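Make a model of the complete structure from these sequences and hints.
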Amino acid sequence: MGPHRLRLPSYRGNGRSDRRGLGLPLGCTSLRPMSMKKYPSVPDLAAAARRRLPRFAFDYLDGGAGDEKGLMRNRAAFDAVQFVPGYLEPRGEPDLRTEMFARPYAMPLGVAPVGLSGLIWPRAAEYLAAAAKKAGIPFCLSAMATSSIEKIGAIARDHGWFQLYPLADHGTEKELLDRAKEAGFSALLVTVDTPTTRRNLREIKNGMTVPPKLSLANMSRIALNPTWALATLAAGPPRFETLTPYFPPGANYTTVAEMISGLLARSIGWPEIEALRKHWSGPMIVKGLLSASDAEHCLAIGVDALLLSNHGGRQSESLVHPLDMIDEIGERTRGELKLFLDSGARSGLDVARAMARGADFVFLGRAFMYGVAALGEAGAAHAVELLRLELEQILGQIGCPDIASLPRFVAKEAGPE
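Per our numbering, the sequence shown starts with residue 5, numbered consecutively.
It is possible that part of the hints are untrue.
Derived DSS-like pairs: lysine-lysine, alpha-carbon spacing no greater than 27 Å straight-line [claimed, not checked]:
#	residue 1	residue 2
1	Lys73	Lys209
2	Lys138	Lys342
3	Lys138	Lys185
The hints are simulated quantities; they were obtained by calculation from the structure and are not laboratory data.
These numbers come from a predicted model, not from an experiment.
Dropping the structure here:
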């Protein structure tokens, strides 16, 4: 029986928040009443996550490449989008629903793939997959996940999408995709924007490695964050569960690091994308392209959508933001290619801004992870609810009846306040 036949136990939630390490009052199983007051925005969740996590874990989540000016430009790109309201328009309750790949979704946003999420908080992928399923939005599982394909597939079910870093061994790559298909993942994201190892100065200073090593400095930082330490101790150290079947039994961190380096294909070209398109029978999205000519090529070979992305400013501080390219890419592909977007969205308002500029769907990674890092399992649902409330509020404020109508409310040229 090959690794793609592997079956791990399904997650069985008990309907209650996991209170281990959450710091909840005794008897409190729901965070919503107090968390909406204490954590009314994603930045509030980020601040709580900073206090709760060891520095190396928070910096892995929060940091960007180089001098981190890319993070600032990502923020500025969203802030530049402004709306012209229609206050006397006929109005009712804003309709946030949308459809993608013949499937209905409650909102035009999803959980972006986050590698090594278990380092940030144990079982983060499981919590987010469950919250996404319940909320009616897609959850994207990273190939570098710390939960297995089979486990997350059982949780996310028809709301699961799978993200792949192309592998050097095409046999292993196809086996991985077959496992995803068997587990129920409906769409494939192929990430192409990591040809080099990133230079994150925070990680370099922290001695952060993938997989992480427990240096003396990091052990001292862990001691200062007992909530994270106890939760991690209870769950066990994070492992790349998605790729575990391809590691030798008893592999240590050094062996795993070497194996991951050997598994990943650093050089990716059109032949690899075309081969993946032929093998994967469902919707396929290419993640990380920002060139209009590349978008045209994707359309020609049958790719269904692009996830326009600068990898959230994590790979380089010098890459253009997707919002700066979406008009040109949309014109060149004549609306025949669905255009998704990530890279810095932190609120429902940001989701509306991206949709108004032409995005068909918006994905957020850090925003959801801040929620889990701050509040554990309950933080996953809290982050989803924050984004829903913010998205609903901005549509109501400007008099926009539904998601599809957002482009007619955007200011053509945003000027100073």
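Structure-based check of all given hints:
With a C-alpha separation of about 18 Å, the suggested pairing of Lys73 with Lys209 holds against the 27 Å cut-off. Of the pairs offered as hints, the one joining Lys138 and Lys342 holds, with about 25 Å between alpha carbons and a cut-off of 27 Å not exceeded. The straight-line distance between the Cα atoms of Lys138 and Lys185 is roughly 21 Å, inside the 27 Å bound, and the hint therefore holds.
The earlier numbered hints are all upheld by this structure, with none contradicted.
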